[in-house]
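Put the complex together from the two separate chains, hints included.
Which chain is which? The protein sequence lines are A and B, in order.
With this note's numbering, letter number 260 in the first sequence gets 345, and the count goes up by one each step, no holes.
With this note's numbering, letter number 109 in the second sequence gets 112, and the count goes up by one each step, no holes.
Hints in this document: simulated from the structure, not taken from any laboratory.
All figures in this text were calculated on a predicted structure; none of them were measured in a lab.
Okay, the calculated beta carbon distance ranges per label pair:
1) Gly63(B) - Ser290(A): 37 to 45 Å
2) Asp88(B) - Arg206(A): 26 to 34 Å
3) Ile23(B) - Pro293(A): 25 to 33 Å
4) Lys209(A) - Gly35(B): 36 to 44 Å
5) Ser290(A) - Ser140(B): 30 to 38 Å
6) Pro293(A) - Thr73(B): 27 to 35 Å
7) Asp88(B) - Asn405(A): 23 to 31 Å
8) Glu114(B) - Pro293(A): 25 to 33 Å
9) Asp88(B) - Leu130(A): 48 to 56 Å
10) Ser290(A) - Asp27(B): 37 to 45 Å
Ideal Cβ placement from N, Cα and C applies to all residues, glycine included.
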Amino acid sequence: MRVWGTVSDVAVQRRELKFKKPGIDRFFHFVVTTGALVSLLVLGLIAVFLFLRGFQIFKDMGLSFITGSLWEGTGAPGEPTTYGIAPMLVGSIVLSLVAVVIALPLSVAAALFIEFYTAPRLKKFLVSLLDLAAAIPSVIYGLWGFFILAPRATEWAISLNHLFGWFPLFHVPAPFFDGSPFIGGMVLAVMIAPIITSVAREVFSQTPPDQISAAHALGGRKWSAIRYVALPFGRSGIIGGAMLGLGRALGETVAIYLVVNIAFKTNLNILFTGSGNIASMIALKFGEASQYEVKALLAAGFVLFAFTLAVNMFATYIVNLSKRKSA
Amino acid sequence: MTLSLNGIVGRGEFERMLDISVADGEVLAITGPNGSGKSTVIHTIAGLIPLRSGKLQSDGTTWDEPATNTWIASENRTCAVVFQDIRLFAHMSVISNVAYGLRARGVRKDEALSRSETLLARVGLTSFGNRRPNDISGGERQRVALARALVLEPRVLLLDEPLSAVDAASRSGLRELLPELLSGFAGSTILVSHDPADVEALASATLQF
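Isolated chain B, as found in the complex (with noise of 0.2 Å):
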């Protein structure tokens, strides 16, 4: 078992009591509508909210912790977000936005190059590199941001709505293509989505808000 978490989160008025746990190559689903605090599960794991009380455990590591005291910031956690609003740096190219975590951490510029490079293949953009975000459709943005995410080898992904911003002809390649991504993933997974086909398609193991 790689990731649990064990407690309440909150955001602001809004509060949920949440035990889920999800295992290596595992894929979570958490559907709902609008409003129910499935983007705070995902920024809570991230480490961009705190939790509110409980439990946040990853590989044996706790990252959060209020009873104890224990936080670890959002950098030093091995997973990787994909945000709903995508969030790329638009005055970065496409290879220096997916770049950019294996830099903070630290790797060689080359190497963290050439690991973007097959990266943005994997997702279909190999081409793509010198481009700015501003003049690649929604569809290869979405692409850019899960390169930015699996590039860093995570042991959690995080995807909040990963078709939800893109027009419907981008989605259908990204049907096919995160399938695809996600099998080759190692570590455990977390989809938030609203829509149930992709649940279908993705998840092994739904959490319906």
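In isolation and in its complexed conformation, chain A is listed as follows (with noise of 0.2 Å):
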């Protein structure tokens, strides 16, 4: 057997490792590549596109676009004209946040159902169910919200505000209940609970059946391993799936449309008449806008995308950092 000097005494020399290769990898390369970056240029030049349209807005009204809360004139000269979405802006954030509060507790107990308490046949079945339930269009959500939820959920509106008026977020200044942010969230909430469900058992079913095993050999019944080990080893995906359906609800537009009242106001009192979100007034205003007023319109839809574009960056952060905990 041969035996190798120290690094000293033998003329040690780089030589480079080059790998040639093939033909069709390298074309494999140039396919993907473009793809990814063409997804994202379109994505840069929706932003671009909508930025320059509203440009004028946000010069002409400032700061005042985002915090005001008149929607008034048409841009024609003499006329007084005032445009700030701060009442839909925060119609979109309650309207996606009451979504996500019903919906998440929903959506981990069903995944916690899927991943460790159903037979492997049913699971399947469920799985499927849940990617078509997220295939459905959200018109169907909305028709569906308008003639079965809202003449029902009217009713557990009524009673909330009878039990819990005295709390703020339930109280309501005049007895109308219909169209209101709570019934349009608990459409939003069945929107995405499919999608909230399916990111959280994908992360579930990665827990590593050695840590539950564990769990079972220490004495860990069912629950006590799904508590101690599938909840926090999951943490990441369920609070990663609650940010993407934070994403869809904030963007949604049909379903709110059909079953809000889209009234421009800032409501705070959830079970009261009368709210909606960006998306829902741009669809609402755009057919008789004034040019002037489309143009405010696509400045609209530029704080829309800013800002969901701010939470789903805000969600990546989180799922990494509580990524980087659990490793």
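So, in structure tokens, the structure goes:
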């Protein structure tokens, strides 16, 4: 056997390691890189388009476009015109938060049930059902919300107000309960539950089986293993799913348009009628908007775009943070 | 006689006929090369894999007997395992890891914590309670795993290569600790090891695979 010398007494020759990729590899590399860059480019171009079209509004209105709560005028010469999207921005956030608060516990429970309590065949069926539910067009959810959910949810809202009316969130200034953020948020909750469930289940399914069997071998029953092993392990997935759901809820248009009484006012009494979000406002006003107002709607679109992007980036940050912690 | 296993254990293609019994206070060492099914025996007794045929009994209670369809679930067996790959819960503090089994069996929180602290002291990790498993050394993790098993006061203690995942320096410390812990342990112990020195030091009986 040959004995290797130490580094000092052999001349160490550095050699360049060159790998020439075969043509097909380089071609494939080119295709996927192009695909990735194109989607990024399209995203950037959308942002640029919205910003350029709405730029005049940002210039004319300044910060009051975000903080103002009046939407008046057509921009014709001599006519006082003010555009401020604060009520709809707040509405977007309120509706989405109601949705996530309702959907999150249901989704986590559903994900745990599918992953840990169902027989394998039923599990397969439920998982495909979940994907199907995520693919239902939102107008269907909207119609269901309008015809089926809203009449019942109005009753629930009345009971909630009756019991918890002393709490500001459930207070109503007048007894009108239809088309409220509460009902809109419930429809959104049903819409986003599949995606949250699906993401959470995916992460739960990656719980190391070794850790689960360790829990059992130390006397832990199923719930204890879930509580102490699966749930902490899946935390990043739960948060990530919730944020994804939030992102979807923020931009939802048709379902809100159908279910909520779109009213241009800041409404923090979630059981009280009238609310709206930026997306539904754009859809509502677009048809009859003057040229100048269309610019304002595009500017509002830019704000929604930027806000949703910020939420998603924050979600990614949170997920990475908790990933690092659990690693 | 507390623990007896008479039958065929197996995992996948692998099968092995076995007839062992371990009395109270006795330490049975199972030795043999890799892949000879040592861990399979441990996992079968712990109830993580079923017996192929035969009977597994502890203190007169049948844990696993395919012929009569008897099966006691893992969490209901009065045994505790120290796994070869340790398997601490990474997101929990050391003390929570040790207290886990007690909490899972419904022991009150303050009692579980104080018993866990006592055990941590016995394995020489008095001030380690609030640390995370990832922040301590391999030898210390192994001690936590021992404490986590012993705190349950099991009737059967299953040690799967308790010294193999540990560097040489920590190993000598554990070699001193283990006999001390085992001599104070009233139940039956099964020790899986491929190291003759460990077997020599710890076992009262040996089974060669």
